[in-house]
Amino acid sequence: MTKAWKRYQEGLNFMRTDGLIDRVQQNERFIAGDQWYGIKSRDLPKPVLNIIKRIVNFKVSSVMSEEVKMNFSVQGYSAGVDSENAEKYEEAADLFTRYSDATWENIKQTPLSEQILKDAATSGAGIIHYFWDNTIKTGNDVKAIGELVGEIIDCVNYFPSNPNDNRIQSQPSIIISYRELVSKLKEEASNNEVSKELIDLIQGDKDTNDEAFEKAKDELGDKTTVLLEYSKRDGEVFYSKSTQNVEIVPETSTGLSLYPLVLMNWETRKRSCYGVAEVTELIPNQTFINKTLAMWMLSAQRTAFPKAIYDKTRIKSISNAIGHAIGVHGDISNVFKYAETGSTNYDVFKLIEFVMDSTKEVSGANENAMGEAKADNQGALMLQQQASAVPIESIKRRYFQALEDIGLIWADFWKAKYNTERLINVSDEDGNQETLWFLGEDYKDVKLNLKLDIGPSTHWSEAVTVNMIGNWLQTGMIDLTEALEMLPNNVIPNKQRLIEKRKQADIEKQVLYKCMTEFVDSLPPEEKEEIEKLKPDEMEQKILSMMSN
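Take the sequence shown: its position 513, counting from 1, is numbered 513 in full-length UniProt numbering, and each next residue is one higher.
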């Protein structure tokens, strides 16, 4: 048994004692809508009013509603400070800032950010793992091997040395567990010159009991559990890979100074790296809503429709078929009737509504926050929404801190892994694409800081911008060309071509006005005086007519 496997078992025991695995399993089922799991009842309806999913989706969207931009700066340096490395420092800050925008798109960071938030809301901790993938080839004329990749790690697959500390970079070592095909592991072990006897010990298993999610327990192919362990020594990060009995990759330097992992807690809990999930505290209310609604529906099914009562001594059998005749002997009075139906108690539904509204109110996802409340005007609704957003401010702060950690990890990879010059695509201040040479290794000794610029979401800011530009255009503060230049690029198709046509038309108009002025100056005084008495539009038409003649 490997040393990593022993530490992995200790981590599993800690999770089981804490109830983390069972708790995460239940939370995931509830947010997925599987809220009657394990309850067997043939007659009881099983309705689901999934307020948990709505609350979580709303909060995740609210946290991600603001546009974020990474801005790098050099530690202990600012523009204008006298330094022999001033040019290098300014180049590093500018290049890393611009390349972070491109990396955000290349690595698909937005879906990763959304998933880390959903995971945090579901299980208490969302985790992203970044790694260098040497199978990716980039570039055309100038080719490069390897690229930065991000993946989501479930919190039940995260085993730090000290689970009572949520600070990743302070951990002596971290283990990540995952399931992998045996054939792939044997090939990797062979490439690392592991002996055949040890390779034969890599065997598949069906040990998925400690996977917290139902779908993770269903596997195809022969798989086994793999442990990826990171450790730090003298400020340098090392990694190794092993199974229960075989070390596949021995301890190897990554060249990094930071663990390539980012953790975000939805709500923090003292002395716990796993935090507190939003879903956990919502489950009792969700269960009450579902059960109460189920009993109300069952009562309605049993009492809302009348039951037929008949004299069995005079009617042998009865049918519910429409228009079916019923034969009786003798007088037909007191032979058949319907029992009175029970009345539906709508107070139960009011109770359900009260619990739903109270749950949303306490969780900060009430009508004001969701934009469902009525307001006298848009401004009043905005104020209501801003006030309702206060409960998620602490979540936003933890999310933004996670993004700062992500940016610093990216920079660490660029300095360590971009050790051959490659061409990268970046954008200038006007959003125009340009290609630059980038050798991250040149900045290996440059210590960087990172600050986030946080603004309104793209859709909101674009709407405000377009409205403002329209008002300026109507009041004459700007002309049409200036308005087009200020509009966001995706508002009008082929905007640049339209701007160029407008500018060309303006140049032609200026030339025409100059010719008209020279023509009027050449006229006799009496004709000139007569023209100047006309209105501007009439004057222009008159001059053009005279010039054409």
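You may find that some hints are simply not true.
Computed spacing ranges between beta-carbons, pair by pair [said to hold, decoys possible]:
#1 Gly455 <-> Thr268: 45 to 55 Å
#2 Asp331 <-> Ala308: 14 to 24 Å
#3 Asn494 <-> Ser161: 18 to 28 Å
#4 Glu267 <-> Ser65: 15 to 25 Å
#5 Glu434 <-> Asn471: 30 to 40 Å
#6 Gly323 <-> Phe354: 17 to 27 Å
#7 Glu114 <-> Glu540: 28 to 38 Å
#8 Leu181 <-> Thr287: 53 to 63 Å
#9 Arg269 <-> Gly76: 31 to 41 Å
#10 Ile322 <-> Ser65: 49 to 59 Å
#11 Thr475 <-> Met297: 58 to 68 Å
#12 Phe354 <-> Met297: 43 to 53 Å
#13 Val182 <-> Arg269: 34 to 44 Å
#14 Asp43 <-> Asn320: 18 to 28 Å
The hints are simulated quantities; they were obtained by calculation from the structure and are not laboratory data.
Cβ coordinates follow ideal geometry from the N, Cα and C atoms, glycine included.
Here is what the structure says about each hint:
About 26 Å separates the C-beta atoms of Gly455 and Thr268, a value inconsistent with the hinted range of 45 to 55 Å. A C-beta distance of roughly 19 Å is found between Asp331 and Ala308, which places it inside the suggested range of 14 to 24 Å. Our hint of 18 to 28 Å for Asn494 and Ser161 is violated, since their Cβ atoms are close to 57 Å apart. With their beta carbons about 20 Å apart, Glu267 and Ser65 fall inside the hinted range of 15 to 25 Å.
The hinted range of 30 to 40 Å is satisfied by Glu434 and Asn471, whose Cβ atoms lie roughly 34 Å apart. For the hinted restraint 17 to 27 Å between Gly323 and Phe354, the CB-CB distance of approximately 46 Å leaves it violated. Our hint of 28 to 38 Å for Glu114 and Glu540 is violated, since their Cβ atoms are close to 57 Å apart. A hinted range of 53 to 63 Å for the beta carbons of Leu181 and Thr287 is inconsistent with their spacing of about 39 Å.
The hint said 31 to 41 Å for the Cβ distance between Arg269 and Gly76, and at roughly 36 Å that hint holds. For Ile322 paired with Ser65, a C-beta distance near 56 Å keeps the hint of 49 to 59 Å intact. Between Thr475 and Met297 the CB atoms are about 60 Å apart, so this pair conforms to the stated range of 58 to 68 Å. Distance hint check: the CB atoms of Phe354 and Met297 are about 18 Å apart, inconsistent with the given range 43 to 53 Å.
One distance hint, 34 to 44 Å for the beta-carbon pair Val182 and Arg269, holds here, with the actual separation near 38 Å. The hinted range of 18 to 28 Å is satisfied by Asp43 and Asn320, whose Cβ atoms lie roughly 20 Å apart.
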